[in-house]
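> Listed below, chain by chain, are the residues.
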Amino acid sequence: MQSTRSSFLVAAAIALAFLTVSGPAAAQGAPSNLPRNETLILENPEGTVENAGWFNIWAINAGSQSNGLQQVALDTLWYIDPEHGIDGVWDNSLAAEKPIYNDDFTEMTAKLRRGIYWSDGVEFTAADVIYTVETQIKNGAMRWSAPLALNVAKMEMPDPYTVVFKLKKPNSRFHALFTVRWDAVWIMPKHVFEKVEDPLKFDFNKPVSLGAYVLNSYDPDGKWYIWKLRDDWQRTSLGRFGKPGPRYLAYVDAGPPDKRVIAQMKHELDIIHDVAPEGMFALARQSKTSHGWFKGFPFAHPDPTLVAVIFNTQNELFKNRDVRWALALLIDIKAVAMASYRGAATISAIGVPPTGAHQETYHGPMQDWLKAFEIDTGKRKIKPYDPTIGQQIAEMLRPSMGEQIPTDPKEIAKTFGMGWWKPDPQAAQELLERAGFTKRGNSWDTPDGKSFSVRVVVEGEARPVMARAGSMIVQQWRQFGIDAKIDTAQGTLPTRRSAGDFDTMISWSVETWGGHQDLSFFLDSWHSQFVAPPGSPQPPRNWQRWSNPDLDRIIEQIRSVAFDDPKGIGLGKEYIKLVAREMPTIPLMSYNVFTAMDETYWTGYPSADNPYANPVPNWGNSRYMLVKLKPKG
Amino acid sequence: MRGYLQYFAKRFGQFLLVVFIGINLAYVITRATPIDPIEQSIALATSFGNSSPEAIDAMRRSLRELYGLTGTPIEQYLIFWRRVATADFGPSLSAFPTPVGALIARALPWTIGLLAVSTLITFALGNLLGGLAGYYQRSRSLKALGIIAIGLHPIPYYIVALVLLIIFGFVWPVLPISGGAAMNLPQGFNAAFLGSVARHSILPALSLILVGLGGWFLGMRSLVSNIVAEDYVVYAELAGVERRRILWSYVMRNALLPQFTGLAMALGGIFNGAIITERVFGYPGVGALLVDAVYAGDYGLVLGVTTMSIVSVSVGVLVIDISYPLLDPRVELK
Amino acid sequence: MSAPLAIRSTPIAQETAPRMPVVSVEGLKAYYRTDHFGVKRLVRAVDDVTFEVRRDEIYGLAGESGAGKTTLTKTLTGAVRPPLQIVGGTIAFSFLPGTQGLHCAPPPEVSRVRWRHLSYIMQGSMSVLNPVRRVRSSFEDFAFRHMELSRRGFDAAVRAHLARMQLEPNVLVAYPHELSGGMRQRISIALATICRPELIIADEPTTAVDVIVQKDVLAMIRSSQKEMGSSVLLVTHDMGVHAYLSDRLGIMHAGRLVEEGRSEEILARPRHPYTRHLISSLLRIGDDTPRRGLEGSPPNLADPPPGCRFHPRCPLAMDVCRREVPPFTVHGPDHRVACFAVTPEARP
Amino acid sequence: MTLARILRHLLRYSTEFRLGVILLGVVAILAALSFASPYPPLDVYVVAPDVPPSRAHVFGTTSRGQDVFWQLTVAVRNTLLFGIAVAFLSRILSLVIGLISGYKGGWIDRVLMSLNDTFIIIPLFPLLMLFYFVMRDSMTWAMLALIMSFLGWAYDARLIRSVVMSLKRREFTQTGIFSGMTTREILMREHMPHVMPIVFSTTMNNINWSIGLEVTLSVLGFTDNNTPTIGGMIFWANQHSAMVAGVWWWIAFPVAVVVMTFVGLFCLALSMNEYIDPRSRWSRMSGGSA
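Protein chains in written order, with this note's numbering: chain A, 138 to 770; chain B, 5 to 338; chain C, 1013 to 1360; chain D, 1077 to 1366.
Excised from the complex, chain A in its bound form (with noise of 0.2 Å):
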C-alpha cells in the first residue's frame, strides 16, 4: 500500500499546487498595477481583437475600432449626441461652427478650432483635413474612400483653421460624412501618414492621438487596451469642458454576458456594453452600485435604432401589401416585448425609433392620425391602432415591478411607447383571404397552391433579444395556422441580409441621429436607385428592398432642404405616414441596450434623468461621458 500512498502525495502536491497559483480571486478585470481608483473600466463589445496591434482604423476592418481608439483617440469636424448632449445635441468638435453651405449645396465650408494639438505636439490644421480626404480618394478601399471620392471635386485652404470642399454634385448632407454619429470620417494625422509609402499596410502603432486619451498599452492577445489622459488634455476639443476624471481607461473583452455581470459584481467592470435583461435584472437585484439608464426598470438605453420584421418585399409573397399587413395584425407586440425584453422594450407603431428627440418630433405629434388611421380589409374597414399598449405594458408589468413602473402617462410613454397595432386575427384572415391565401383545416395556403410558410431569419446569439423576439412572432404566426420556423443565421447574417437571403427578418433598416430630426441618414439608402435585383448584394440599408415612388419623391425633396430646415420635420411625417400605410417593415420597438454602469469608483454617469450623452460604450460619442465623471467619494 506503500506506493499508493506516494501516489495520493502525487495527487496532493499537485492539488496544492493548483490552490497556491490560484491564490485570491483576480479576473482579467482587475488591472493589477494601475491605481483602480483613477481607472474606468469599460467593455468593447468587439470581444478579442485578433489582430490586436493594428490601429489604422482607415483600413477597412484591418483591426479594432471601438477599443478606445475611436472613443478617446480620434476626432472629427462635429457631433450629434443621440441624446440631449452636454450643451445641445450639435457640437462643434474639431470644427469652431456648424458646416457653411452655399445656396444650391455644392459647396461646404468648415471652419477648424485653433490650438488643438497631436498627442505628439504636432498641430492639428485644415492640412490634416485635407491630407485625410485626399489620401482616401487616392487610396480606393480605405473606409471612406468611396463615399469622400463620390462628393469632392476638389478641396481649397485658404487658411490653415478652414477648408472648402468643392462638391460633384449638391448635397446638403455631405457635413455627415465628419460628423459623429457612432463613427464618422475620423481626421488622419498628416505628418505620420505622408512618411508611409502605402498607408493600407501601415499599423500606425503606436497610435498618435488627437483626443483627450494616449495608448498606455495593449494585449497581444487583443483582450485589452488601456489608455491614458493626456498631460496636455485642454489642447484636445473634449478640453472645453473640462478635465476628463479617469487618468486611465481600459476597454476589455469582458466575455459572454454571464461572466460580464460577474465581473461588475465583483466591481472589477465599470461599464458593461450590454446584457441580457435578466443579467441586467440580476445586476440591480444583487448589486446596489449598478443601474443602468433609466435607475429602475426598464434599466436599457434605448438606441436610434428601430427593430423591426423586414420583409424581402422580393419575394413573391410579400409584394403584396395585404400580406405584409395581415402577419403584423398576428403580432400581439405585448408578448414580443415580454419575450424579448421581458417588457423593458420601447415599442413603436412607426418608422422611426421612439428614442432621443423623436417621440416630441414624431411619435407624439402624430397620436391622432394614428388613431383615424384605417385599413380596409376587403370586408371592412378597420382602425387597427390601439394608443393605450404602452399603457396595457406598464400595467402588466406592475404587480411584478412595482413602483419601478412609472405612473405619469408622459413617463410611460417615455418608458414603454405609446401605442402599436392590436392584434385582430379575423382582420388578418380576410387581408389574407383578398391576397387570394385560403385556408385548409388549420393551415394556409399561398395563392398557388403551397403551404404558407415563413422562415424568420435571426442572428442568434449575437443579439439575444432579437432572437428572442423572432421565435415569439414565429409562435404567434404558426398558433395562426402558417408554418413559420425560426432560422439562427450566426455569423451569415451580413451574407444573407445584403444577400437578400431570406423571407423576413429580425433586423434594422432605420437608424437615426437620435438627438437630431433629420431622417436622411437612413432614408436617404432607401431610393429605389439603390435597389439591386434579386441576387445581387444590397447596399445598406434598404434591406427590405422595397421602392415606392412616392417615397422617391420624399426622398429626393429631403435632399434638397437644408439639415436644420423644419421642412425636414414636414417630409419625415409623409415618410412615416407612407410606410404606415404599405407596412414594408414591421416596426417593432428600439433597439434597448442594457448598458450597465457600476458607481463603486464612478459617479456622473448619463442616464435618462441627466441625459447628456449616449453611455454606450462602443459609441465614438460615449466619449462626453468621462469629462462628467467624478471618482467616487
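In case anyone wonders, no lab produced these hints; they're calculated from the structure. One or more of the hints may lead you astray.
Going by beta-carbon spacing under 10 Å, a handful of chain B positions derived as facing chain A [as the list claims (entries may be wrong)]:
1) D61
2) A106
3) I171
4) G173
5) F285
6) A297
7) A300
Backbone N, C-alpha and C define an ideal beta-carbon position, used for all residues, glycine too.
Given chain A, work out where chains B, C and D should sit, using these hints.
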C-alpha cells in the same frame, strides 16, 4: 534497424495520408461556406456609421480585387496547396492585411501550452492511479477513485467546463474565469506574468484534466489487472522480487505501452476539448481564433487554423508512434 | 566445490540428517472456488495429498494434465490467490521451520526463503521473462539481494554461473524475444539455480521445447542438481522425462496421489491400473503425442465420481471402488499404492 | 452465449450494469413522458416564467415561460433519438468495415485501416463547426445525425476488426472454411455471435460520443434550435443568463439528466467490456496462471 525503418516508413505514410485527407476535407467544406468575406467586411465597416449606397458598391469592387478572390476553383486549389506547403496562408481577410500565419503564431503557444500541461498531467496521473487501482485491487480509496472516474469520464468537455465556471466563477469566485493572463501585465518571462498565466490556466486545464483522467484511469486499471496474471509477473512474485520493483518495472512499465498508443489515438479528441474549453473560458488560443474566424467568414484564417490543427495533431501522433519503439523493444519484429 | 559462490547450505540444512525431507506435504487439500457471473464452482484440484521430497533427490510427480500437478506446485510455491484456497493439510519446509507452508508464512520469511532456498522453474518458461527487460536485469531482480555481493562481484558470479550452464554471457544483454525458446528455457533454469537453493520445483520444464533441446535441458537440471546437492520436485506428465531424471516418482490422478515409489521400481513394475496405462503409453523420451488405449478423460473435478476417482475408466473396477476411496497399501520399501484391485500379494 | 443471455447474466451479477440500467430506465421514462406533455414543446410563455421548483412545476419554469420538467422530457427524447440514430448508422459502417478488413486482411485491411486511423486522428470538432456554417438552416437534426455517423465509425471499426482477427485463429473458423462455408456465412453464423457483445458496448460509447457532441454544438448555438434538445435547453438558459439570474433549475436539471444518461450508457458499456474481455474473465476465474 531495418525493421525500425520499415516501421517508421509505415507510420510516416499514415501521417501523410491523414494530413492529405484532413486538409482536403477542410478545404472542400470551407469553400462551400456561404459567407462572403466582402459582405462581411462591408457589414462590419458600415453597420453603425453613415454610408451612402453608391459608396458601398465602389467599396465592394475595390475590396474584391484587394482580397484577390479571383481565379478558377482549380487555380485556387493549387494556390492553396502551395500555401500549405510553404505554411503561408496569405493575409487574413478579417484582419487584412495581417498574414494568417501571424495570427496563428500569436495564438498557438497558448493552446500548445494548455494542451501540453493538461495532457501530461492527465496521462501521468490517470495512469499512475489507474495502475495502482489495478494492482492493489482491494484498496478502498482506489476503488472510490474508480467510481469517480466512471462518473466523470463520459461527461463532455462543455458540461464539465460549464460546471467549473459556475462553481469557481460564481458560487465560490476564487479563480479567474476568462482570459490568459491578468490585465496590463507585459508578456514575457517574468514571475508576475507567468504566475498570472498559471492562475488563468487552472480552470481550462482542470476541465480538460477531469474529463481526460477517467479514460486513462479505467484503461490502465483493466490493463494492469490483466498483466498481474501474466507469467512473468507471477514468476517474479514467486521469485520474491520486491513488490515495488514488480509494480514499476514489470506491471506499470508493460501496461503503459498500449496506453501510449492510446494517447496517439486520443490526441484529436483532446484537441476538440481544447477548442471548447478555450471558448468557454475565453482563452486566447487557436480554438477561440478558429471560432472567430468561422464567424467572420475568413477563409484564409479558417483554413489556416484547421490545417494547422490537423497537421499538428498528426505530428503529435507521429512523434508518439516513432518514439514507441524506444519503449517497447519488441516493436521491430512487428 | 571451488565455485566462487559464497553460498553454502544453511545451519538448518547442516544439522539435519541426509535423508531428512526438504519438504513434507501432509493431507494437502487445495480447492478452487469460482463465481463468475453466478456460475459457482468448487474444483477439488488437490484432494488429500501426502508425500515428501528428501534431501538431494529428484522427486517426480506424474499424471495427465488436469491431475492437479500444477495446483500442487502453486500451493507449494505459495502462489495461493483466490479463487484457489488451501482447505486443509500442511506443508513443512526444512528451511522454513514452524510454518504450514509459504502461503501462511510471514512476508519477510517468504521473501527470505524465495529463490535463496526455494526456486521454481515455471511451466511454459517461454513467457516467464519480462518481455521489455534485458535478461541481465531479470538476474538482478531475482538474485542480487540474496547474494551478499558487490554489483561487479554479482556480475562475475552470474557470468560464471552461465558458463557452467554452457550459456554465452552475451545473452545477458538480449531481450527475451530475441532468444530461441530453448535458450529462454535454459536461461530460466540458470535463473532458478543461481542461488543454489535447497529445493527447486520444476513444472513441465520441457513441454514447450523440441526434443533436442529437451535432452540438454534435462541434462542441465540433472547436473546442477548433482553439483549443488539440492532437491528437485519435477512435475511433468511425460513419463519419459521421469524415467530419465526422477529418483522417486509419485503418480497423481484427479487430484489424488495413487501410487508412489522408486522410479525404476514403478517403471518396471507399475501396480495401479492408471500407472500401468501411463507406462504402457510411454514410447520414448520426448514423445508426448496423445495417448491411445484407455478411453475417457480425467473426471470433472467440479463433481468427482464417488469412491476411487479412476473407477469410471478402470478396467479392473469393482463395486467397492464406486463406494470407497481406496487407502494406500505398502508394496515393498518406499512403494505404496491406493487401489482395491491390487493387493500386496497379487503379482500380475 | 447469445446477447440476450449475456444481458440477463449481467443484469443479475454486475453492479455497473444494474446501475446503468436503472439510470437509463429513469431517463427513458422521462423521454416516454414527453408524449404526455401538456404544452407544445416549441411554444414559449405558456406558464409563468422563473418559477422555482414547486408542486405545480416540479423542476420549476424557464425565463421563457416553459415548464422545465415537460420541456426536459421532450429534450431528452430528441437527444436520445439523435444518439441512437447516429449510433445505428455508424454501427453499420463500423461493422461492415470492421468485419471485412478483419476477415479479409491483406491490402484491403491495410487500406481500410489507414483510412480508419485517419478518421480517428483528425480533430472532428473544427470540421463539424464548418459543416454547420455550410449547411446553416439546412443543418437539421437529421442532417447532423447523418454527418456525425459518417465521422463516428472509425474507432469501433478498429475494435470489431481486432475481435474478428482473434476469431479467425479459432478452429471453428478453420472448420468453417473446410466445410466450405462462404465468407458471408462464416461472418454471419460464426462470428456475429462473438462480435455482437462488442458491438453492443461500442454502441453505448458511440451514443455517448454523439450526444456529447450534439449537446456541445447546440449549447454553442451551432445547431438548428427548432428541435428542442438538452443542449438546446442549456443554450436558451445561457441566452437568458439563467446562471447569474439565479434560475439555477433551468441549467441544473438538464445537466443532471444528461449526466445520468452519460454515466448510465457508460456503465453498460463498461460492464459489457468486463464481460467480453476474455483475459479479465480468465484472471477472475483463477487469480493467476492456471
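> Among the hints numbered above, which are violated by the structure, and what are their numbers in rising order?
Of the numbered hints given earlier, the structure breaks just one, which is hint 3.
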